[in-house]
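Protein chains in written order, with the numbering used here: chain V, 1 to 305; chain F, 306 to 747; chain A, 748 to 1024.
No wet-lab data here; the hints were simulated from the structure. Just so it is clear, CB atoms sit at the ideal spot from N, CA and C, and this is done for glycine as well. It is possible that some hints are incorrect.
Some chain F residues flagged as far from chain V (calculated, every beta-carbon gap over 12 Å) [to be verified]:
| # | residue |
| --- | --- |
| 1 | Ile325 |
| 2 | Lys327 |
| 3 | Leu433 |
| 4 | Leu483 |
| 5 | Phe571 |
| 6 | Thr574 |
Listed below are several chain F residues computed to face chain A (Cβ distance under 10 Å; list not exhaustive) [claimed, not checked]:
| # | residue |
| --- | --- |
| 7 | Arg597 |
| 8 | Asp613 |
| 9 | Leu620 |
| 10 | Ile622 |
| 11 | Pro727 |
| 12 | Thr728 |
| 13 | Glu732 |
| 14 | Ile737 |
| 15 | Asp740 |
| 16 | Val742 |
| 17 | Lys743 |
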Amino acid sequence: MDYFAQQLINGLVLGSIYGLIAIGYTMVYGIVGMINFAHGDVFMIGGFIALISFLVLVSIGLTAVPVILLIVLLVAMAITALYGWTIERIAYRPLRHSFRLAPMLSAIGMSFVLTNFSQVSQGARVKPVPPIVTGGYTLHEGESGFVVQLSNIQIVVVITTIVLLGLFTWLVSRTRLGRDMRACEQDQTMAALLGVDVDRTISMTFVIGAALAAVAGMMYLLYYGLVDFFMGFVAGIKAFTAAVLGGIGSLPGAMLGGLAIGLIETFWSAYFSVEYKDVAAFSILIVVLIFMPTGLLGRPEVEKV
Amino acid sequence: MSASHPASSNGSEPVGAAFILKKAFLSALVALGLFSLMIGVRTEAGQSGQLEYWTRFGDLASLVAAVFVGSIIVELLRLWLGPRGGLGSFVPPSVQSGLSIAGRYLAPALLIFTFLVPVIFYNQRYILDLGILVLTYVMLGWGLNVVVGLAGLLDLGYVAFYAVGAYSYGLLSTTFGLSFWICLPLAGILAAFWGVLLGFPVLRLRGDYLAIVTLAFGEIIRLVLINWQDVTGGPNGVSGIPRPTLFGIPLTPGEGGLAAMLGIPFSPTHRIVFLFYLILALALLTNWVTIRLRRLPIGRAWEALREDEVACRALGINITTTKLTAFATGAMFGGFAGAFFATRQGFISPESFTFQESALVLAIVVLGGMGSQLGVALAALAMIGGFELFRSLEVYRMLVFGLAMVLIMIWRPRGIVGHRAPTVFLEKSKSISSDLVKEGHG
Amino acid sequence: MSSAPILALENLTMRFGGIVAVNALSFTAQRKQITALIGPNGAGKTTVFNCITGFYKPTSGIIRLTHDDGAQYEMQKLRDFNISKQAKVARTFQNIRLFPGMTALENLMVAQHNALMRASGFTVLGLLGVPSWRAAEQSAIDAAVFWLKRVGLIDRADDAAGNLAYGDQRRLEIARAMCTGPALLCLDEPAAGLNARESAALSELLLSIRSDHGTSILLIEHDMSVVMEISDRVVVMDYGVKIAEGTPREIRDDPKVIAAYLGTDEEEAAAVMEAEA
Ligand SMILES: Nc1ncnc2c1ncn2[C@@H]1O[C@H](COP(=O)(O)OP(=O)(O)OP(=O)(O)O)[C@@H](O)[C@H]1O
Ligand SMILES: [Mg+2]
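Take these sequences, add in the hints, and give me the full structure.
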């Protein structure tokens, strides 16, 4: 039971990170209908920028951890958002009304560019950081001596995720930008006719998605204590899997899918085998899609004939 | 007059200059933001394992300056090349129609040249190897073309079937001692079998759901290859895979070898040349079968499926089996190519079957112009050849490659060969503009 | 020759969530006749077609088809493609659904898929190019040519379907449906968007399909001149239910029908009619 509880905590934390990335996939898909293959690499870039700004802040003598974290978070979100914006401008906007596969390949190309860019600019070796947020709580001590722990970093990850999700839900449901985004999702031509600046709205979608990916990147850095140039690929595929599992286009679905993938992975590693955790995640995706062809929360696609 | 769109007025220089400078300045500013930390600061794990950093403001400055200048150049080019700008206008229609006429002679010329490559470049091992590599991708591209280009099903895990083919031959030959010529069909059948196995449950998924499932399948196969150590050898792969024989005659020095039998001095180039013609034959077989299939009801049903699935159902076409046959056919060709890859390398490991590989083959198909056999061959040549040309760029290779992919897509979203040839005609075969051809939902 | 009607709907109901698009609808379509299904926008006509041709599984009800030889099929039990393949029901779509990137001829070849599949030995014989396959292919081309001529598109045989004019596309879609060799042809607003001359030609084409080929026709149409001219029987729907049925003449004078179209109640409609008379 204790072991189970501990795995549950770990799974939820990992799932939060996947969920944050998955939102970026789902938003972009909802609004422009393309799989943004470069999104995993945007997450990786976010991790790198968090790492670098952290190093710089520490070296100039800042010591208050909460202040450092806040500044790192803001810097990472800002700069990564700029990446999201630029990518859309360069690689996707010219292909907005093109064929379905062209933007997808452009995105795959962009993903290669970003991976290689960070490899070239920051080197291929793994970048470790010492634990930044330490300590934690012991929730329960079993008779066998097994302890269920909740570390501070796990708390930070979950709380950050919840706060950002709240902020983000508010943004989408209550603000003008959110309304414009939903309008563009429904019908871009109509939205444009009604005075919605479609270009700007799409840009903002990428910006928000990238900012959330940066948060995920920073959380990853804090949680695992390292980043490397290749981490975007696996995390990206997992998060994309999460988005599809939840029902691509659905925001709660992305979070739910993220949590599901995080839990599956963690539990599979804990009870069966670590090696096959990804196989388990992907297999469950396939099985879920066989029975629910549009994911857990996706709207069924009814084609009118 | 229109200060905000001077590019469209194309006249008054001063407005244009101010606009261009402003735009270049903004671009430089964005670049500064993007590169500030990633280029301006370099991190590396130091001696003690502690992460250290140093600054590279010089590099940052020059990069930002380069973006500034680059932006000016791009804007100027745009000004000269017409008001609408964009890379699409680089190819005027006249050139395009010229291309399609040249296309009629291009294919035979290319084929003859390919046959002569081993003769012309007999002593240039590098070129022969490159030729084999290009032909392997031509074959993979033609195989995937059946699935993506004809049937309109998006398969992001094609490399899985390539892997199945390679491991089929690798394992069957090393454990049971089966020869290449027995394993080749087996590899194709096994790959097709896996294609059906995957396809059966998932082919009713549409669009990007199918894409992610195929991607997941590709990853599953790769992960199983890595982790199922007892059978697949895990990350170390399978080595000592037998080289192909000329229907039983080995291409080795000494007694019984082909050279000895023909009474000519042995040369390791013989094997390379043999491999070259082997993959050429396999690729041409793929091509021949695909061209024939297109003219058969099954091939027409694939294309009809890509055009309109609903209409197909109304015409009594069984969507599931039609998709399955496309999937299985593509997988089978992938399996053949995999068996060839295994025999050529003599060694295979999961590293050769990553998502990047699937993406590359897909890029070849899309760049080729979906459904066009010639286009796919040209795209394979351009991509693989281009990638080799970038070899001198070393670490920057993938960077340039990725950028090239983006630019090519913007330049020609519908690929090099932008038209479809009808499969049957009464009076005259008129090629169909790709604007009319759909790309499928699956 | 069976005496049963070619098509009989019994209590067909189709719900989408809360919407009842078709409500306990029953009617029959007689063999070798043209039956028109009319009604105001949103009445549920296309939904009836979609149930007949297997695109929707009806919520309840029976759709029975009887071939000339007496063979019976219940459409709600058949898999979608078998409705064309076995039950021999062909249809066209309200929003034309041709294969736009294929030529007119290719469109008609695809329509003969099942016959050609058998002839090509499920691809094996075709791949080898055996003579029997070649003969079958040639006769399929001949059939396509026949229909292209019939709808006046023989000159456009090698043009992409997507390049044809709107009226031509409508006729090509009918030709494509006929190439499947149907017992029942369901046409969803074939005259929509046609000019008067094209409509007249369409009427003539449909009449000849019925008399020359013995194909029964079920027709959804808003163009009353076409309906009145060619249909043998008319079924009127409104809000998913049948409100009238009869000969074109009977329907034309039915106050309930006029009320449905004008969106008024019956008395007013009767008043309008009297005023007109
Ligand atoms: N797939 C669907 N999901 C939900 N509602 C549907 C669906 N298909 C049809 N409907 C609804 O059923 C009702 C009948 O639609 P239908 O298309 O059958 O009308 P129709 O008689 O063909 O109209 P029209 O003359 O405009 O073509 C409409 O209210 C429509 O919105
Ligand atoms: Mg309708």
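How the hints compare with the structure:
{"no.": "1", "hint": "Ile325", "result": "holds, 17 Å"}
{"no.": "2", "hint": "Lys327", "result": "holds, 16 Å"}
{"no.": "3", "hint": "Leu433", "result": "holds, 28 Å"}
{"no.": "4", "hint": "Leu483", "result": "holds, 28 Å"}
{"no.": "5", "hint": "Phe571", "result": "holds, 42 Å"}
{"no.": "6", "hint": "Thr574", "result": "holds, 34 Å"}
{"no.": "7", "hint": "Arg597", "result": "holds, 6 Å"}
{"no.": "8", "hint": "Asp613", "result": "holds, 5 Å"}
{"no.": "9", "hint": "Leu620", "result": "holds, 5 Å"}
{"no.": "10", "hint": "Ile622", "result": "holds, 5 Å"}
{"no.": "11", "hint": "Pro727", "result": "holds, 5 Å"}
{"no.": "12", "hint": "Thr728", "result": "holds, 6 Å"}
{"no.": "13", "hint": "Glu732", "result": "holds, 6 Å"}
{"no.": "14", "hint": "Ile737", "result": "holds, 4 Å"}
{"no.": "15", "hint": "Asp740", "result": "holds, 8 Å"}
{"no.": "16", "hint": "Val742", "result": "holds, 3 Å"}
{"no.": "17", "hint": "Lys743", "result": "holds, 6 Å"}
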